[in-house]
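Protein chains: 2
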Amino acid sequence: MISIIEDGRPGWENILSRAFTKTGHAYRIGITGPPGAGKSSLTNLLVKLFTSKNLKTAVIAVDPTSPFTGGALLGDRVRMRDITSLGDTYIRSMASRGSLGGLSRKTVDAADIIDAAGFDIIILETVGVGQSELDIARLADCTIVTLVPESGDSIQAMKAGLMEIADLFVLNKCDRPGSDSAYSSLKTILSIAGKEIPVIKTIASTNGGITELAEEILKLKESQFAGGVILKKRKENYNIRIRQIISEKLSERLWTSGREQYLRNSLENLIVDKLSPFEIADRIIKQFENELK
Amino acid sequence: MISIIEDGRPGWENILSRAFTKTGHAYRIGITGPPGAGKSSLTNLLVKLFTSKNLKTAVIAVDPTSPFTGGALLGDRVRMRDITSLGDTYIRSMASRGSLGGLSRKTVDAADIIDAAGFDIIILETVGVGQSELDIARLADCTIVTLVPESGDSIQAMKAGLMEIADLFVLNKCDRPGSDSAYSSLKTILSIAGKEIPVIKTIASTNGGITELAEEILKLKESQFAGGVILKKRKENYNIRIRQIISEKLSERLWTSGREQYLRNSLENLIVDKLSPFEIADRIIKQFENELK
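Residue numbers (numbering that gives the first Met the number 0), protein chains in the order written: chain A, 0 to 292; chain B, 0 to 292.
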């Protein structure tokens, strides 16, 4: 079903609308952070740990790759062999096919299918902190931002808006020099900003701190479900999702081959006509409106 | 005029359409790369160098900040004092006000105004490699991707799609250990991919390699103008821009307060009604279409 949705084959929307009525059980965890922060290793360890607790766990590994070629570079999924041997684990790799915006939508769609299939935990793992990766991570129930103890890393993370989407910070590779000062500067920034976001220190390479991390996640899950917070969060997520769907659908309808051709012609004559991008845009919108009338 | 455009005050589109007829002279340089790569320092040095060559130079510093709060964190512009004392230099800082997508459009709009005002060089400097920052950098005539000699950095850059948008790579902080191997691995990756993109080594802190970088930029500029490549590139950029404008305008028209309210109500009843996001989206689009008829 995920493949049908990914390819946009006939009936994909129906599948999703039907699956939707069966969603709501799975807890969705988004993992994001700069490249090299160890997100894949943490994901692997969490999967093993959740599975050992009899929680049916799935991973959606999101690799936006290039917005231009669509091809994954060195995107090995070798590590996956490590966890696919575990019983009830489902792993899916998703890459962008042209549109980055589309990727975040399809990823959430895939999560709906997995949710409807009865999984307990879905981990959405992204490769970096691009906009579409942030979109994916924040469309989860719980967003984990992974950082490493390198100078300025935490400040840069805050600049990139990660503080606003994080429910949990992980400071990984805490065997590296400077991890203590990185930890305290992260705590300081959070306290200045008035944010009570837990920070967990881990060393993924030696399994350090993973039990604490998993416990913190399950604690958060419990409190979100208990207080009805989860419902509020999910409504916000649906809000974003519905807007994305509308914007994609309108764009699909507008960009008929006729209007694509009109745009190409306008661009050819741009230098001669001296029509501004705004004037060309207005003409295309007018055409679209006239067609709807 | 840039402020009028930034705020969306009455007449902003007219200003842009009129300015557009006077654009085309300025060479637009986009500088992007991961946080901490030294983009600001390189920008400063390039401004000084171009100015010393009697090229009227402007900088648009783009700081997307948080998509949620819209507030710049620690976004100091102290360094700016260093170059504002130079004669014909214009510096403008632009931040996102809510919509990240909008930021890339407004930045290009501002560049049009500066171009029409008779500047020779416009540097568009971004703080990271988020999607909107990539959008800004690639809407330039020449896109410079700045990296540092850290392990895996170049591979991660390629994953993020930077190879496809780069006209020029800068390997900054080349006084750091591992810079030689980083340089050769970058060259190797580019050669495997069949890309002939120059790589310039710099040490911004000691002004090292800046003359070579500026020369390479001006060489590229000359060859682009001579071969008509610039026209092709600019048409591609207008193509992207026009699509952005259309999508924003449609979205503005669709999201009236009535439909915002309808969406809020639908979200409130989501759990009871079990209407999927797709079904809600369809209903809202149908309302919009009926209104246009």
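Errors might be hidden in some of the hints.
Which copy is meant is left open, so a pair is good if it fits within one copy or across any two.
Cut-off 30 Å, straight-line C-alpha distance, at most; resulting in silico cross-link-like pairs (DSSO-like, lysine-lysine) [as the list claims (entries may be wrong)]:
#1 K285 <-> K55
#2 K248 <-> K200
#3 K55 <-> K186
#4 K194 <-> K234
#5 K292 <-> K220
#6 K21 <-> K292
#7 K186 <-> K248
#8 K218 <-> K234
Everything labelled a hint here was simulated from the structure, so no lab data went into it.
Bear in mind the structure is a predicted one, so any value in this text is a computation, not a measurement.
Taking the hints in turn, this is what the structure says about them:
no., hint, in the structure
1, K285 <-> K55, "neither (51 Å within a copy, 39 Å between copies)"
2, K248 <-> K200, "neither (43 Å within a copy, 45 Å between copies)"
3, K55 <-> K186, "neither (33 Å within a copy, 44 Å between copies)"
4, K194 <-> K234, "within (22 Å within a copy, 46 Å between copies)"
5, K292 <-> K220, "neither (49 Å within a copy, 47 Å between copies)"
6, K21 <-> K292, "neither (38 Å within a copy, 37 Å between copies)"
7, K186 <-> K248, "neither (43 Å within a copy, 42 Å between copies)"
8, K218 <-> K234, "within (21 Å within a copy, 53 Å between copies)"
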